[in-house]
Amino acid sequence: MKLGFSAADEEFRAECADWLNAEMAGEFKDIKGITKLTASPERRKEWEQRLGEAKWGCIGWPEQWGGRNATLAQQVIFAEEYARAGVPGRVNHIGIELAGPTILAFGSEEQKRRFLPDIAAGKTIFCQGFSEPGAGSDLASVRTKGRLENGEWVVNGQKIWTSLAHISDWIFVVTRTEEGSKGPKGLTFLMMEIDQPGIEIRGIKQINGDAEFNETFFTDARCPEDSMIGAVGYGWKIAMGLLAFERGVSTLGQQMAFRNELDELIAAARANGAANNPLIRQRIAKAEIGLRLMRYGALRMLSNTDHSKIDGAALTYKIQWASWRRSLGELAMDVLGQAGEVAEGSEYEWDTLPNLFLYSRADTIYGGTNQIQRNLIAERGLGMPREPRGDV
Amino acid sequence: MKLGFSAADEEFRAECADWLNAEMAGEFKDIKGITKLTASPERRKEWEQRLGEAKWGCIGWPEQWGGRNATLAQQVIFAEEYARAGVPGRVNHIGIELAGPTILAFGSEEQKRRFLPDIAAGKTIFCQGFSEPGAGSDLASVRTKGRLENGEWVVNGQKIWTSLAHISDWIFVVTRTEEGSKGPKGLTFLMMEIDQPGIEIRGIKQINGDAEFNETFFTDARCPEDSMIGAVGYGWKIAMGLLAFERGVSTLGQQMAFRNELDELIAAARANGAANNPLIRQRIAKAEIGLRLMRYGALRMLSNTDHSKIDGAALTYKIQWASWRRSLGELAMDVLGQAGEVAEGSEYEWDTLPNLFLYSRADTIYGGTNQIQRNLIAERGLGMPREPRGDV
Amino acid sequence: MEFVFTEEQQMIGETARAFFAENATSERTRKAMAAGGPDAGIDRALWTAFCQELGLSGIGIPESAGGAGLGLVELAIIAEAAGAQVAALPMLGSLALSAQAIAAGGSAEQQAAHLPALLSGEVIAGYVHDAAITADGTSLTGAAGFVAHGGSAQLFVVTSNTGAWLVAADAPGVTVTPLTTMDQTRPYARVTLDGAKGEPLADPAAAIAAAHRAGFVAVAAEALGGAQAALDRTVAYAKERVQFGRPIGSFQAYKHRLADLMIEIEQARSAVYWAACAVDEGSDEAELAVHAAKSFAADTFFLCAGNMIQLHGGIGFTWEHDAHLYFKRARAIQSMLGSGEWHRERIATMILGEVA
Amino acid sequence: MEFVFTEEQQMIGETARAFFAENATSERTRKAMAAGGPDAGIDRALWTAFCQELGLSGIGIPESAGGAGLGLVELAIIAEAAGAQVAALPMLGSLALSAQAIAAGGSAEQQAAHLPALLSGEVIAGYVHDAAITADGTSLTGAAGFVAHGGSAQLFVVTSNTGAWLVAADAPGVTVTPLTTMDQTRPYARVTLDGAKGEPLADPAAAIAAAHRAGFVAVAAEALGGAQAALDRTVAYAKERVQFGRPIGSFQAYKHRLADLMIEIEQARSAVYWAACAVDEGSDEAELAVHAAKSFAADTFFLCAGNMIQLHGGIGFTWEHDAHLYFKRARAIQSMLGSGEWHRERIATMILGEVA
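Protein chains in written order, with my numbering: chain W, 34 to 425; chain X, 34 to 425; chain F, 35 to 390; chain V, 35 to 390.
Just so you know, these hints were derived from the structure itself, not from any lab. As the structure is a computational prediction, the values presented were derived from the model and not from experiment. Take the hints with a grain of salt, since some may be wrong.
[What the hints assert, rightly or not] With a straight-line cut-off of 25 Å between C-alpha atoms, the simulated DSS-like cross-links for lysine-lysine are:
1) Lys-215/X - Lys-273/V
2) Lys-238/X - Lys-65/V
3) Lys-156/W - Lys-218/W
4) Lys-238/W - Lys-65/F
The following block holds chain W by itself, in its conformation from the complex (with noise of 0.2 Å):
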């Protein structure tokens, strides 16, 4: 059990930071410090290029395929000195942490040749098609349709919380391809190219004014039968191994942003006095315990390569980050008093703080809702019963 970092990775960090610092205050200027997630599309997909140039888009991939085969250490580095510099988030995170590693796990070769260099590249964005409206975080009641018709798959129906999907290059989409089938099997997994009229992207407005989530019409849409990712009747095995992609080193750099968030707050609340108020100062020393515990818990579960027993760090991540910002947004809010309340322009347009607060009550229903976490923890964590499925 060692946290410290070798000399080799102090160098290895010397020289993330000096790159990406150098990017920050040069041509990417106008990005820099930009923390919402559908701010300037077009500049940071030319950011992503700009990394995948470098060779800094997915350092932890085999060289093979546009990384650098980088050790857990130096993607630990990497992740925190992307964050550090101000760097905004990557608009291709669905790319490099889902859609890529299980191409990695589970694609051809053809594929991989097809997809990975792309997308570390930064020329391809992903985006997600589970959710469906109706079957929210059950996925198990997909109901999108794709048949093959000609060596296509022709695919029709609706995806719901399809994140960016309106600035993405592919979708990857889970389709009942078994006519009558239910639950989990009769399921396959495609990739998707989005510009195509058979594919349709409608905005959602959430509750902070912002669109960032879509929903997503199918009629008729296509794809190459090579498209498929695995066999026909996979596509519920290969979801859940993607899933399990979503623990990755990607959550680190997501830490380095809540730290620019806490960092916000603990500055609102030196500016305004809030920072002497024995309450506001217990909650903000639980906020930073919360945050250095993700972080810990981040390292356990990307340390461990004993995968025959369950990993209780990895199995409640989700729940304890979403659980940590929703409270965050919430001190935020306490410590700014009324003044978190006002924007500053005629606009409906939400400064971090605030929008933290408003957007937080999201992390804590996608991708799995507290409740659904609960559920999986007590099932997979402690071997308790399964919840029963209902036949209404």
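With chain W fixed as given, assemble chains X, F and V onto it according to the hints.
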């Protein structure tokens, strides 16, 4: 809607206070201020009888049965003054609050004559035999058997958590009288005299070192046929009716005991300086608010004569006070600090506040756990689907 | 001692609930939210109907002052009904705070000059409170940052901790800056007084006390109505919505969450009507009760509205669904007129004394 | 950077867990709880076996001082295993506090004079800390109210905020009053010094720092072990116990409660080993980490132990069931060596500065 009391009510209040204070300064001086349920049982039985002689035993009952036909306001006042005078809790609370009202509602005229005057006079102390080992909160799975034999009920089985059984004269028992019946069907409600060879009582030592609860064993225990309340097979209906009585005026007396506990906590916080701690101040204010709201919730519930609708105040009352008291125990320990964890003498016996901390862990369990309460609230109060029984 | 509604109070409640349920619809509220200028966050037609047709605006104002009599209990009943629909109305600033202040602390002339127009809805008043407002004769200087519906007001009741004045919104030295506000059903304005002329109210202490007590009780009642509505709507959704082949309301963890909300709401209900009664009856518990009601009901509403979002899943955090209206209103009620922490500290001071 | 146990650490953990599970049984612990005099709250045979047969008592003490080397990570592993069984042992006072203080701040002579007897278990030391203890030359005056296993100690390590001394329990001017303690597995004594002779430790600052860091980490680790055991035992019960015709673990609300405990425990685990590592590696996070670990793990344990009682129903609050041992230990850990509030305020001071 009116909260104030009339001038006549205030006169009644003075009368109550005068009498109670005189008693607590005189013959019953030695029991003033006792808070532990198991302390000085013999003297407290004498106190029950003194109350009975002066017709203060069950003031809400009809005069015919030893009561005073007191109005709600009068009952509220008596309960408040009772606790204010430092009078210890009623050792016969099961008799006056549960057994008595049950007999009044479901008993025959002869049963009323046999039991009610003696309960009101403090001469018959009752305890309650509902829970069984292996079926704590699941009343419907009663296994204690009753059978009629030569005009007598013969009872075999075991009850548990029979509070104060060791100082009681009678026990009311729910028995399964229909061979092979299941769930709420086939149950019968019996009143049994405790002093008989077929009934054995063993104390259960609790977390605080005290033993208020008991296991009660029935081995061919007997009672006359007409010691049954209602009819054969009506046990469930009566037991359910009885649970409603648990939310009567006695709650106000209980609250005054809580008032005394909170006052003791406040005094301790002032004495040791914890009252200057802003976090403690917030928690004490919350406790004060919670106690007041308990009072006004109880007054809403007692004032409500429209029984056609679900009474939310009544339905949520148990979990409210139990949770409040558990929190108060934790607050008390935080006020006292480590000093709360050491006792004065060499015996494992605890002062009011540490005892509150320990004993209140039972408050959220007996009489229907907080979990059971939430089921009831969701199902009866909000009309949510019922939790299915299993068939294990 | 009878802690249930009288028949008259029940009737007022039924009338108010029916009125708001029918008229303060989501569609109309959203139109008011989107409006700018003096109509921002106000459904004008609803306000006129409430004041003039329904005639409930005078409740809690003595008949001698042109009101309908009755007291805070009845005012709370109405505020609860309005809160249940998150109605976009200037009820808080204009009636619960300003009209109460004038009725309690204004001279007969001041009452006659202003109350009829406030009660008819023709004039909207805003309540401007800041401890640091100073008066040089009748010339007022200071500012308050979060005046509810301040951008729609023609008249301000201005109070410091000791003084109370009437100030015309268009008087020289008055600057009103409407603010983009999280709760768009009750937008704030910043009101700055730079030597603005104020007409002193006859009894400023009475005005301030009445405004604050009525304000605390009114927002607490609004919170109660909002909390109950958030629960009711979530209960309805839980019965309909099917996930994993079952109505989501059949999941025990979901049920228990709903039960926890009901437990809080029942206490909030006791708090609101205890406080209203205590004020109406002049009980010596009144001070403690209004602080308890404001802090407890606001927290209850926030808890319920937050859970309303959570228990609706994805749809719950969309703009399209009404959950965010409740959520933002709940947050606003928590922070306005003193935070929960402030109100609890007042109570702590009553029972523990000041911090040594 | 590798945040997993080494093979050696895993082995130590397995050894310790097996030892305590086999030997620190409920029966033996209850015997120690009921004992009086110097054996109060100590299973003497267990202590001897732990120190001499198992030979784990020297872990965290440098080999140069007669210890087994290694660091706080290994000490935490052992404390976690002992905490899982609520073992009745003087490990905290004698090893984690006193021996650490002597090893870090004692001269070579002081180490040689005392550590062997402490590590062999022949001598039990108590740790007496109070900011107000004063020294007049080597004559100490003051008192500490809650010295863990103080009634069993032959030697005291006495510290104020600046000084550290060794005091023999039988020295003139030392009064030891054993106290009836809620957690009978770790009874307190009041130790009063009335001009008692103290031998100054060579480096008092090092002694105090080492004792406190090791003490915070050790009780945090104990809390972690206790919390996990409380959850494990409740999980086992939930699978067996049938109510309403179903295993109670099939009730979703019950499952979710257990899940919430696991979520906290996983964080507590990160906290404990982060803190232990940070101290061992001399990281500049160490100070923050030990405060985080103590406060977080203590609260986690209390939550888990409270739920252990609740989720066992009636049997959970009986004396006969072990739940109350966990519950009382958890409470004791919360209040000893600084409350959670105190530790969090230390962290707040690090990130926000002192209150202005």
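The hints, checked one at a time:
1. Note on Lys-215/X and Lys-273/V: the hinted pairing holds, with a Cα-Cα distance of about 23 Å set against a maximum of 25 Å.
2. A hinted pair counts as satisfied when its Cα atoms are at most 25 Å apart, and Lys-238/X with Lys-65/V qualifies at roughly 16 Å.
3. With a C-alpha separation of about 34 Å, the suggested pairing of Lys-156/W with Lys-218/W is violated against the 25 Å cut-off.
4. For the hint linking Lys-238/W to Lys-65/F, the alpha-carbon distance of about 16 Å falls within 25 Å, and the restraint holds.
In summary, the structure is inconsistent with hint 3 from the numbered list given earlier, while agreeing with all the others.
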